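Asker: Each protein sequence line maps, in turn, to chains E and L.
Here our numbering = 1-based position in the first sequence + 4.
Here our numbering = 1-based position in the second sequence + 4.
Hints listed in this document are in silico derivations from the structure and should not be mistaken for laboratory results.
Every value quoted in this text rests on a predicted model; they were computed, and no experiment measured them.
A hint or two may mislead.
In the DSS-like style, the derived pairs of lysine-lysine whose C-alpha atoms are separated by at most 27 Å in a straight line are [stated by the list, open to error]:
(1) E/Lys469 to L/Lys701
(2) E/Lys469 to L/Lys151
(3) E/Lys704 to L/Lys477
(4) L/Lys704 to E/Lys701
(5) L/Lys469 to E/Lys704
(6) E/Lys555 to L/Lys555
(7) L/Lys469 to E/Lys477
(8) E/Lys477 to L/Lys700
(9) L/Lys701 to E/Lys700
(10) L/Lys555 to E/Lys705
(11) E/Lys704 to L/Lys555
(12) E/Lys700 to L/Lys700
(13) L/Lys701 to E/Lys701
(14) E/Lys469 to L/Lys700
(15) E/Lys469 to E/Lys555
Here are the computed distance ranges between Cβ atoms for each label pair [unchecked claim]:
(16) L/Ala556 to E/Asp590: 42 to 48 Å
(17) L/Pro251 to E/Asp680: 48 to 54 Å
(18) L/Ala248 to E/Asp680: 32 to 38 Å
If you want the ones that stay clear, here's a sample from chain L, every Cβ over 12 Å from chain E, calculated [said to hold, decoys possible]:
(19) Thr149
(20) Ala292
(21) Leu620
For glycine and all other residues, C-beta sits at the position ideal for the given N, C-alpha and C.
2 protein chains.
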Amino acid sequence: MTDAAVRPKKPATDKRTPAGGAPTAAHSAEEAHEARIRIPAVTDLLLGTWADTRREARQLIKDPAFWRIEGQPMAEHRERVLGQLRLLAENGGSRRAFPKEYGGLGDNGANLAGFMDLVLADPSLQIKSGVQWGLFGSAIHQLGTKKHHDMWLRDVISLDLPGAFAMTETGHGSDVAAIGTTATYDADAEEFVIHTPFRGAWKDYLGNAALHGRAATVFAQLITGGVNYGVHCFFVPLRDENGAFLPGVGGEDDGAKGGLNGIDNGRLHFDHVRIPRENLLNRYGDVAADGSYSSEIPSPGRRFFTMLGALVQGRVCLDGASTTATALALHIAVTYANQRRQFDSGSGTDEVVLLDYGKHQRRLLPRVAQVYAQFFANDELVRKFDGIFGGTNDTSEEREDLETLAAALKPLSTWNALDTIQECREACGGSGYLAENRLVGLHQDLDVYATFEGDNNVLLQLVGKRLLSDYAKQFRGADAAKLAKYAVGQTAGKVFHGAGLRQLGQAVADFGSPARSVELGLRDEQQHELLAGRVEQMISDIAGRMRPAAKASPVEAAAIFNANQSELIEAARAHGELLQWEAFSDAVNAVDDEGTTQVLTWLRDLFGLTLIEKHLAWHLINGRLSTQRAATVTRYIDRLCLRLRPHAQDLVDAFGFEPEHVRAPIASGAERARQDEAREYYAALAASGEAPVSEKKLRKK
Amino acid sequence: MTDAAVRPKKPATDKRTPAGGAPTAAHSAEEAHEARIRIPAVTDLLLGTWADTRREARQLIKDPAFWRIEGQPMAEHRERVLGQLRLLAENGGSRRAFPKEYGGLGDNGANLAGFMDLVLADPSLQIKSGVQWGLFGSAIHQLGTKKHHDMWLRDVISLDLPGAFAMTETGHGSDVAAIGTTATYDADAEEFVIHTPFRGAWKDYLGNAALHGRAATVFAQLITGGVNYGVHCFFVPLRDENGAFLPGVGGEDDGAKGGLNGIDNGRLHFDHVRIPRENLLNRYGDVAADGSYSSEIPSPGRRFFTMLGALVQGRVCLDGASTTATALALHIAVTYANQRRQFDSGSGTDEVVLLDYGKHQRRLLPRVAQVYAQFFANDELVRKFDGIFGGTNDTSEEREDLETLAAALKPLSTWNALDTIQECREACGGSGYLAENRLVGLHQDLDVYATFEGDNNVLLQLVGKRLLSDYAKQFRGADAAKLAKYAVGQTAGKVFHGAGLRQLGQAVADFGSPARSVELGLRDEQQHELLAGRVEQMISDIAGRMRPAAKASPVEAAAIFNANQSELIEAARAHGELLQWEAFSDAVNAVDDEGTTQVLTWLRDLFGLTLIEKHLAWHLINGRLSTQRAATVTRYIDRLCLRLRPHAQDLVDAFGFEPEHVRAPIASGAERARQDEAREYYAALAASGEAPVSEKKLRKK
């Protein structure tokens, strides 16, 4: 390879020249030359509430020992990542979430903030850390009680006790309540018997299970006295000091995966494995020595969801990690697009910088806007998480909100990571396909984020159900007149999209400059009303169509739900988009620098308009936008892209990545150096008088 | 691993039960139970004109020696694929395109058909074969003359002469005309001097360059007598018998890539490397001993495009290979979705088969329709290719049409491969992420298909320009009145979407059953008119907006083009979609079995309606569909999905893949076996009277 893995990504220069060095081709949007963002201030804004912790984590992973080695064989990669976890523990990177009495810091928000950015070093490091401390450790911490903490937490933090989180089975992933593994209490021995009754009940896809796990937190149906009390979590030792399975425990290696091959995912099965009664992690449900069951939460359903909810941090962390990885991909692709040239510009001299192409702007700039929205939304999510798990705001309503928020945001950011990384890969052409430029590795590693820690479609369905139930609550206790009015309105399909909302986005008269009136009609408030109105109406429409389900048989009700499933998921996605848009707007409103506010407002508008364009048919069909105004949305986006183009490099520089985080040779300045060398060669050749004449020019003469 | 790599994918059964074994859950669309496709007939239809050759190729790769070993380290994978190429040559798989006097068969269509399906064994095998025989060999064959054929073709066919195709440079990919490598003629020595003047002019991303290539067909600027005659192709020896670079030749390994790691991609550079004058592949341009240049094609531009056009087969082959790979992914995901169960159905007994979920149908079935369209369109493309290169229909108009068709179809099928394989991966959850189930490997390998052999966006832009030029031809020689009428119409924005087309899709009165009238209004002809009308109007609109460019300066003209670039690419995509739809319709019309016709018509409708839904906002804004009718499109698609659901397995079985082609354990029947075992376990437990009571039921009592 000609390019060193790390180099200054560009010469130090005046931040006001967008590409960092030579000015790019002229742009038509004159106003853009005036406003400029203050990059350090925007970096602070993006890093959010726990910026200090994120900087600390980013500083730590500047050590090459943490970096992924592209193309490293799986076996070596797994050992390397295990070593990185040790290094992380030694550097205090594993203790933040845990109680102080076990050497922790008791700082929940900082803990998540500190883990997210590990994705920059190697997503396998981020996820294996998540398995050890966010899932295995967290299960002991959140589902266990003091005796469990005393026994295991110190060794969890130090990695002296590496463990697996054994929830998913080959046969059941999303439907955790239906897992097949049993934990049957034997009162005579005061032991639980952990057992795998059939092949589908093998635990599967578990990090740390194939090689490194010494124990596991195993989810199983708790059976005592002939009653199944549902899924509970048990601490089960797996391997002896030499790494051999303990009696009754067996397993398999999951082998090569689409990515994350630094993690030893595997399968586990149990043949009547006996563990002490005390190994039940008993915070939410316990079995006495005589076999009697007790729980603070009488409802089995609520108890189950409370236990799962205690483990929500994985989703919060994936939302943040996906956002960071997406930002990295955009940093690479935008930097390259700002240096790479291809095809003559028509001027007959210079070739055109990729980012000056209209299509290339369309491919990258709306995605920059999207990832900004994600940063801001994730910070709100982490703050909410911290309020609950830090105890300052821990109510069941808050927990329910947190779970809904995480279930809405994680799908959007993990899917967007795949979409954006792929677009960045293609936008970098053949060089984007080389592992050294990191885009393909990021895509491969993040692929599974869309289906683990809650399958994205299943999570969105949960959000949709929550929205439906909120909607129904409006009518609970409502008087007959209100209900009747609702029913009538519903029949006419107008309850939410009547006079009020229907005119949105076109209330401003279309006179004068079409450009100005469009912008007036698609500003802040109108964007919000269009996005929010869509969620409300979709939910109202679905609720109306689902009303017959209340009186139907279970099978018929399931069929009615099924007919609306796809749209309910779409409504939940619309809700997530609205939340991201609101978070972006709140962040912009908090900025006090004029130039920064101006540019970020354009970027927020680009985000909002891109969402509206994506769902344009819906807005038209539902009378929210006139065809005339709808036709202008695309042109407005084009204009915003042109305005933002000179700020593109600033906006990705504001992610605050250093060369040790980026590492992609194509984003190192090597491309600019090659372009300069080629142009100098041709200039010198021309000056020498020895340049060959082109046949075309010869023919013209 | 518990699952053998190959097993009977399902028990032999009556084809009338869709999932092959136990019937799936009940479906509401009664009419679906009557029509059934004849699977073998549909397989014939899909395999197309060269079905025999495809069957021959598929038979050959049932030998495990051709299969990709998932997770194999790069160095071993590269050697394995080289061995597979030898095996292919030994079995006659490499000779079909070449002239009979060199041991070939002179059968161009069969050649492409035979290569496409190699993707089932390992995409690295398909692409490395393409490098050796489709690019390196084809350059000698198509751009060289008899002396070159005599010297090298036998060794090319036998793989005694492995070679690289050295066109792309680090600095220039899409813009081949601007490559930096020079071939300067030295009349005294009667030699060309091949030289790389700067780093950006290194040849890059070349298969066979890092290790195995003994020679290369090198594209360089031909300079003789002080004149640059543009890009020509030269045969340049690279390595000696021991694999060491010859004097003046150097290179690097491209290292690990996002996929296709069975191919040794690398870089090459030349330091004044001398080759005999005869090594110029001189079919379209030659240099005499005295250095004088001659060509049958006087225009340098036309000559350049003629040379590139001679190499169009790569795109044709990628279109077919992407289609086969996409079909494989759908075979795996649909088979799994037909066996896998998750979540209680509401009936309280069985869990629901994934493909019975509305959302899951929406995810997979429109993509089955899409790949059917691709099979049919690809067969037309190969027939056109065969007509030209087989000499039965070789005119310059036909060549131009072929290039446009290939440039329109290759982007659609390669992008769709990525989209569909990813959706299939996610639809299979965690098991979809395991390498053994092949979906992740297919995505990784096919990723680069979107940007090599012509970047997809650049290809579509070429198609768009062709459409614009066709559009302009309508007015060439037109009388003044016609032009004036056009100009007036254009100003009003109505030239193509006036009375005639505007009413399309809503001419049928909306009375009676809404369902029936929707279908009447969105049938065959209306779909065609909507799809074709969109292409026409988009091109007409863009042409109108670009008219000022004709009188503008080159820089201004470039800016005007740039402002329309994104939409021009979109118009080209619409054109490709229309071609696919037409190919699908032609294929359906040729079927004479009633059941098959019925089901394939539904599938074609699903394809057409999905395209219309995708661009629904456009149809609304442009007055092609009323909001009322537009609102019914989505519901019609839902209904088509429900109708096609019982045929899903038949439709993917008709791809004709055998277990040796599929190899994914999740599509082998293992999932069904696991489901059956689990259900039997619970049934036996219940029968024994020893099943634990659930706490929930206990509480209800």
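Asker: The output says L/Leu620 does not contact chain E. Does that hold with a beta carbon cutoff of 12 Å?
Answerer: 4 Å, violated
Asker: Starting from E/Lys469, check that the Cα of L/Lys151 is at most 27 Å away, please.
Answerer: Not OK: E/Lys469 and L/Lys151 at ~73 Å, beyond 27 Å, violated.
Asker: Starting from E/Lys469, check that the Cα of L/Lys700 is at most 27 Å away, please.
Answerer: 22 Å, holds
Asker: Examine each Cβ of chain E, and state whether all of them lie more than 12 Å from the Cβ of L/Ala292.
Answerer: With a cut-off of 12 Å, L/Ala292 remains clear of chain E, as the shortest Cβ separation is near 16 Å.
Asker: E/Lys704 and L/Lys477: Cα distance at most 27 Å?
Answerer: 25 Å, holds
Asker: Sort out whether L/Lys700 lies within 27 Å of E/Lys477, counting only the CA atoms.
Answerer: The given pair, whose Cα atoms are some 25 Å apart, holds under the 27 Å limit.
Asker: Would you check the hint for L/Lys704 and E/Lys701, treating anything up to 27 Å between C-alpha atoms as holding?
Answerer: 91 Å, violated
Asker: Does L/Lys469 pair with E/Lys704 here, judged by a C-alpha cut-off of 27 Å?
Answerer: 24 Å, holds
Asker: Next pair to validate is L/Lys701 with E/Lys700; report whether the Cα-Cα distance is within 27 Å.
Answerer: With Cα atoms ~87 Å apart, L/Lys701 and E/Lys700 exceed 27 Å; violated.
Asker: Next pair to validate is E/Lys469 with E/Lys555; report whether the Cα-Cα distance is within 27 Å.
Answerer: 18 Å, holds
Asker: Holds or violated: are the alpha carbons of E/Lys555 and L/Lys555 at most 27 Å from each other?
Answerer: 70 Å, violated
Asker: Between the alpha carbons of L/Lys701 and E/Lys701, is the straight-line distance 27 Å or under?
Answerer: Outside the cut-off at roughly 89 Å; violated.
The structure fails to meet hints 2, 4, 6, 7, 9, 12, 13, 17 and 21 from the earlier list, while all remaining hints are met.
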